[in-house]
Amino acid sequence: APTKHLQMVLPVNDAEIHLPPLASSMSGTRGIEGGLAKVALVERHRGTGGVQVGLVQGFGFTEACAIASTVAHDSHNMIIVGTDEGDMALAANRLAEVGGGQVVVKDGKVIGLVELKIAGLMSAERADRVAKKATSILEGFRACGCQLNNPNMTLSLLALVVIPELRISDQGLVDVTRLEILPVVQGLAA
17 APTKHLQMVL
27 PVNDAEIHLP
37 PLASSMSGTR
47 GIEGGLAKVA
57 LVERHRGTGG
67 VQVGLVQGFG
77 FTEACAIAST
87 VAHDSHNMII
97 VGTDEGDMAL
107 AANRLAEVGG
117 GQVVVKDGKV
127 IGLVELKIAG
137 LMSAERADRV
147 AKKATSILEG
157 FRACGCQLNN
167 PNMTLSLLAL
177 VVIPELRISD
187 QGLVDVTRLE
197 ILPVVQGLAA
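Counted the way our numbering counts, the sequence shown spans residues 17 to 206.
Treat the hints with care, as some may be off.
What follows is a set of in silico ranges between Cβ atoms, one per label pair, in the way DEER data are often shown [said to hold, decoys possible]:
1) Arg142 / Ile33: 40 to 50 angstroms
2) Pro27 / Ile134: 41 to 51 angstroms
3) Glu141 / Ala105: 22 to 32 angstroms
4) Pro27 / Gln163: 23 to 33 angstroms
5) Gln23 / Leu137: 28 to 38 angstroms
6) Arg158 / Glu196: 34 to 44 angstroms
7) Val178 / Arg142: 26 to 36 angstroms
Everything labelled a hint here was simulated from the structure, so no lab data went into it. For clarity, every value in this text was computed on a predicted model and none was experimentally measured. Even glycine gets a Cβ: it sits at the ideal position worked out from N, Cα and C.
Please construct the entire structure, taking both the sequences and the accompanying hints into account.
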(Lines of atoms letter the chains of each structure in order from A and count residues from 1; the text may use other names and numbers.)
(Lines give C-alpha, C1' and ligand atoms only; values in the text may rest on other atoms or scores of the structure.)
Protein backbone atom coordinates (compact mmCIF):
# COMPACT_ATOMS: atom_id res chain seq x y z
CA ALA A 1 0.00 0.00 0.00
CA PRO A 2 2.13 2.88 -1.26
CA THR A 3 1.58 6.33 0.16
CA LYS A 4 2.51 9.79 -1.08
CA HIS A 5 3.10 12.99 0.83
CA LEU A 6 0.50 15.42 -0.52
CA GLN A 7 0.02 19.04 0.46
CA MET A 8 -3.23 20.96 0.09
CA VAL A 9 -5.00 24.01 1.44
CA LEU A 10 -7.78 23.18 3.91
CA PRO A 11 -9.86 25.26 6.31
CA VAL A 12 -8.45 25.50 9.83
CA ASN A 13 -10.59 26.82 12.69
CA ASP A 14 -9.40 26.96 16.30
CA ALA A 15 -6.20 25.12 15.28
CA GLU A 16 -8.24 22.18 13.94
CA ILE A 17 -8.50 20.98 10.36
CA HIS A 18 -12.07 20.60 9.21
CA LEU A 19 -12.79 18.23 6.34
CA PRO A 20 -14.99 19.51 3.55
CA PRO A 21 -18.51 18.16 4.17
CA LEU A 22 -20.14 15.28 2.36
CA ALA A 23 -21.26 16.61 -0.98
CA SER A 24 -23.63 15.35 -3.65
CA SER A 25 -22.31 15.17 -7.17
CA MET A 26 -24.18 15.62 -10.42
CA SER A 27 -24.45 11.83 -10.65
CA GLY A 28 -26.20 11.70 -7.27
CA THR A 29 -23.36 9.89 -5.51
CA ARG A 30 -22.13 11.25 -2.21
CA GLY A 31 -18.50 11.70 -1.39
CA ILE A 32 -15.93 13.61 0.58
CA GLU A 33 -14.40 16.37 -1.51
CA GLY A 34 -11.00 15.17 -2.66
CA GLY A 35 -11.55 11.78 -1.04
CA LEU A 36 -10.15 13.04 2.27
CA ALA A 37 -10.54 11.33 5.60
CA LYS A 38 -8.94 11.92 8.96
CA VAL A 39 -6.53 9.34 10.34
CA ALA A 40 -5.69 8.98 14.02
CA LEU A 41 -3.26 6.69 15.76
CA VAL A 42 -3.67 6.00 19.48
CA GLU A 43 -0.68 4.63 21.40
CA ARG A 44 -1.97 1.64 23.36
CA HIS A 45 1.03 -0.14 24.89
CA ARG A 46 2.77 2.27 27.28
CA GLY A 47 -0.25 4.16 28.62
CA THR A 48 1.00 7.51 27.34
CA GLY A 49 -2.40 8.60 26.05
CA GLY A 50 -0.62 9.76 22.91
CA VAL A 51 -2.75 10.45 19.85
CA GLN A 52 -1.39 11.50 16.47
CA VAL A 53 -3.60 12.75 13.65
CA GLY A 54 -3.29 13.34 9.94
CA LEU A 55 -5.22 13.18 6.71
CA VAL A 56 -5.49 10.35 4.24
CA GLN A 57 -6.94 9.81 0.76
CA GLY A 58 -7.84 6.67 -1.12
CA PHE A 59 -10.40 4.82 0.97
CA GLY A 60 -13.24 6.12 -1.20
CA PHE A 61 -15.68 6.72 1.63
CA THR A 62 -18.99 8.17 0.49
CA GLU A 63 -20.70 8.13 3.89
CA ALA A 64 -20.21 9.53 7.37
CA CYS A 65 -18.21 6.68 8.85
CA ALA A 66 -15.11 5.41 10.60
CA ILE A 67 -13.04 2.26 10.68
CA ALA A 68 -10.68 1.31 13.47
CA SER A 69 -8.28 -1.52 14.14
CA THR A 70 -5.70 -2.64 16.65
CA VAL A 71 -4.08 -4.65 13.86
CA ALA A 72 -1.70 -1.94 12.62
CA HIS A 73 1.73 -3.21 11.62
CA ASP A 74 4.29 -3.23 13.19
CA SER A 75 3.49 -1.56 16.50
CA HIS A 76 -0.19 -2.55 16.58
CA ASN A 77 -1.35 0.70 18.07
CA MET A 78 -4.99 1.59 17.40
CA ILE A 79 -5.53 3.22 14.01
CA ILE A 80 -8.74 4.99 13.04
CA VAL A 81 -9.73 6.42 9.65
CA GLY A 82 -12.98 8.27 9.15
CA THR A 83 -14.99 11.06 7.64
CA ASP A 84 -16.90 11.83 10.83
CA GLU A 85 -15.17 12.63 14.13
CA GLY A 86 -18.09 11.33 16.20
CA ASP A 87 -17.95 8.01 14.38
CA MET A 88 -14.17 7.94 14.85
CA ALA A 89 -14.57 8.45 18.61
CA LEU A 90 -17.28 5.77 18.79
CA ALA A 91 -15.05 3.32 16.87
CA ALA A 92 -12.05 3.94 19.13
CA ASN A 93 -14.11 3.68 22.30
CA ARG A 94 -15.79 0.48 21.14
CA LEU A 95 -12.43 -1.18 20.48
CA ALA A 96 -11.19 -0.07 23.90
CA GLU A 97 -14.32 -1.62 25.48
CA VAL A 98 -13.83 -5.01 23.81
CA GLY A 99 -10.05 -5.19 24.24
CA GLY A 100 -9.12 -4.62 20.60
CA GLY A 101 -10.04 -5.85 17.17
CA GLN A 102 -11.64 -4.20 14.17
CA VAL A 103 -14.80 -2.11 13.95
CA VAL A 104 -16.78 -0.20 11.33
CA VAL A 105 -19.12 2.64 12.36
CA LYS A 106 -21.54 4.32 9.95
CA ASP A 107 -23.88 7.16 10.83
CA GLY A 108 -23.30 6.65 14.56
CA LYS A 109 -23.95 2.89 14.56
CA VAL A 110 -21.55 -0.05 14.79
CA ILE A 111 -22.14 -2.09 11.60
CA GLY A 112 -19.19 -4.47 11.84
CA LEU A 113 -17.13 -5.75 14.76
CA VAL A 114 -14.49 -8.42 15.32
CA GLU A 115 -13.27 -8.67 18.90
CA LEU A 116 -9.60 -9.62 19.13
CA LYS A 117 -9.16 -9.86 22.88
CA ILE A 118 -5.73 -11.50 22.88
CA ALA A 119 -3.37 -8.51 22.65
CA GLY A 120 -5.83 -6.86 20.26
CA LEU A 121 -4.54 -9.23 17.56
CA MET A 122 -6.11 -12.65 18.08
CA SER A 123 -9.41 -14.19 19.07
CA ALA A 124 -10.13 -17.16 21.31
CA GLU A 125 -13.45 -17.74 19.52
CA ARG A 126 -14.10 -20.53 17.04
CA ALA A 127 -12.76 -19.82 13.56
CA ASP A 128 -16.22 -19.95 11.95
CA ARG A 129 -17.51 -17.24 14.32
CA VAL A 130 -14.49 -15.02 13.69
CA ALA A 131 -14.88 -15.52 9.93
CA LYS A 132 -18.52 -14.43 10.10
CA LYS A 133 -17.55 -11.32 12.07
CA ALA A 134 -14.71 -10.59 9.64
CA THR A 135 -17.27 -10.67 6.83
CA SER A 136 -19.23 -7.97 8.67
CA ILE A 137 -16.10 -5.79 8.60
CA LEU A 138 -15.67 -6.16 4.84
CA GLU A 139 -19.39 -5.53 4.30
CA GLY A 140 -19.04 -2.46 6.52
CA PHE A 141 -16.22 -1.09 4.39
CA ARG A 142 -18.42 -1.50 1.30
CA ALA A 143 -21.42 0.13 3.02
CA CYS A 144 -19.20 3.16 3.65
CA GLY A 145 -18.26 3.36 -0.03
CA CYS A 146 -14.81 1.75 0.16
CA GLN A 147 -14.16 -0.44 -2.87
CA LEU A 148 -10.52 -1.31 -2.15
CA ASN A 149 -9.57 -4.91 -2.86
CA ASN A 150 -8.05 -5.41 0.60
CA PRO A 151 -9.06 -2.50 2.84
CA ASN A 152 -7.87 -4.18 6.05
CA MET A 153 -4.34 -4.42 4.69
CA THR A 154 -4.44 -0.83 3.44
CA LEU A 155 -5.55 0.34 6.89
CA SER A 156 -2.99 -1.70 8.82
CA LEU A 157 -0.08 -0.60 6.60
CA LEU A 158 -0.69 3.11 7.22
CA ALA A 159 1.28 2.63 10.44
CA LEU A 160 4.15 0.54 9.03
CA VAL A 161 7.01 3.03 9.23
CA VAL A 162 9.51 0.95 7.26
CA ILE A 163 7.86 1.31 3.84
CA PRO A 164 7.79 4.57 1.84
CA GLU A 165 6.65 7.22 1.64
CA LEU A 166 4.57 8.70 4.47
CA ARG A 167 3.26 6.77 7.51
CA ILE A 168 1.71 7.59 10.87
CA SER A 169 3.24 6.49 14.16
CA ASP A 170 2.90 7.34 17.84
CA GLN A 171 5.62 9.94 17.17
CA GLY A 172 3.67 11.67 14.38
CA LEU A 173 3.71 11.62 10.59
CA VAL A 174 6.89 9.94 9.39
CA ASP A 175 8.55 10.72 6.07
CA VAL A 176 10.17 7.31 5.69
CA THR A 177 12.42 8.29 2.78
CA ARG A 178 13.93 11.27 4.65
CA LEU A 179 13.62 9.76 8.15
CA GLU A 180 11.85 12.85 9.50
CA ILE A 181 8.79 13.57 11.59
CA LEU A 182 6.57 16.02 9.70
CA PRO A 183 3.98 18.47 11.00
CA VAL A 184 0.41 17.88 9.82
CA VAL A 185 -0.24 21.59 9.45
CA GLN A 186 2.32 23.83 7.79
CA GLY A 187 2.40 27.54 7.08
CA LEU A 188 -0.46 28.82 9.20
CA ALA A 189 -1.03 32.53 8.68
CA ALA A 190 -1.18 34.58 11.87
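Hints, one by one, checked against the model:
1. Arg142 / Ile33: 40 to 50 angstroms: holds (43 angstroms)
2. Pro27 / Ile134: 41 to 51 angstroms: Because 42 angstroms falls inside the window, the suggested range holds.
3. Glu141 / Ala105: 22 to 32 angstroms: holds (26 angstroms)
4. Pro27 / Gln163: 23 to 33 angstroms: Cβ of Pro27 to Cβ of Gln163: about 28 angstroms, so the range 23 to 33 angstroms holds.
5. Gln23 / Leu137: 28 to 38 angstroms: Taking Cβ atoms as reference, Gln23 and Leu137 lie about 34 angstroms apart, which means the hint holds.
6. Arg158 / Glu196: 34 to 44 angstroms: holds (36 angstroms)
7. Val178 / Arg142: 26 to 36 angstroms: At roughly 34 angstroms between Cβ atoms, Arg142 and Val178 fall inside 26 to 36 angstroms, so the hint holds.
Every hint, counting from the list given before, is met by this structure.
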